[in-house]
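Start from the sequences, fold in the hints, and give me the full structure.
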Amino acid sequence: MSSSKAPILITGTSQRIGLYCAERLLDDGFKLIVTYRTERDSISALRERGVTALKADFSTEAGILRLIEQLKSHTESLRAIVHNASDWMTESAGNEGQAFTQLFNVHMLAPYLINLHCQALLERSSPADIVHISDDVVRKGSANRPAYCASKAGMDSLTLSFAARYAPAIKVNGIAPALIMFNADDDDAYREKALSKSLMGIEPGPQVIYQSLRYLLDNPYVTGTTLTVNGGRHLK
37 MSSSKAPILI TGTSQRIGLY CAERLLDDGF KLIVTYRTER DSISALRERG VTALKADFST
97 EAGILRLIEQ LKSHTESLRA IVHNASDWMT ESAGNEGQAF TQLFNVHMLA PYLINLHCQA
157 LLERSSPADI VHISDDVVRK GSANRPAYCA SKAGMDSLTL SFAARYAPAI KVNGIAPALI
217 MFNADDDDAY REKALSKSLM GIEPGPQVIY QSLRYLLDNP YVTGTTLTVN GGRHLK
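Residue numbers (the numbering used here): 37 to 272.
None of these hints come from the bench; they were simulated from the model. Hints may contain errors.
To be verified - List of simulated lysine-lysine pairs, DSBU-like, C-alpha gap at most 30 Å: (1) K67 / K108; (2) K41 / K91; (3) K229 / K272; (4) K272 / K233; (5) K91 / K108.
This is the structure we're talking about:
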């Protein structure tokens, strides 16, 4: 448990990994501020547990700056920032520029601006952390989604740069997952193919990301590192 009483900010928490990590952090006694793009019952449930939930649009600079302004009106300090917000926008003929810009804004501009504008909030907490949730796909690139892959790779670069910039007061690390949770509509053929890509051959569930997050938050001597959580995909 952190000695800091400041809240943790998690972006993109209405479902899946972000929601799971928010619920587990609450269970472990942390205070939270979360952002969401779409109102869901899960956000209402988090509010009922005392969470401050802020609707945010990270697809534009104006939306990102608006969220930062709202955030500063709710707290004077932050224990950590967990950049989990993500977009899976498809690139198709005629919208390549729009897709790249939106993915860049969500995966790179939002973390970049939030990290810069919230430095003082983090420095009022000890310890203090920033964690970027990127993607294991950046190891190999993606023929199908190059804009998504490039923008997630940019998050890994932000991890290195901000770790160097903010040390020793703020630790900055990343997590690069691969196949953590299937979607309900994934068919058997897709599941079998996806599972075969790793040495472990399992769908681990969001708890492995929470375990990784807690390791980074709790360890005082790790910064500038991206944890690969991929079941050994890099060895196949």
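Handout entry: 30 Å Cα cutoff - pair K272, K233
Key = Holds, at about 7 Å.
Handout entry: Given pair status - K91, K41, alpha carbons within 30 Å
Key = 23 Å, holds
Handout entry: Restraint status (C-alpha distance of K91 to K108 at most 30 Å)
Key = 14 Å, holds
Problem - 30 Å Cα cutoff - pair K229, K272 - result: 13 Å, holds
Exercise for the section: Starting from K67, check that the Cα of K108 is at most 30 Å away, please. Expected result: 15 Å, holds
Every hint, counting from the list given before, is met by this structure.
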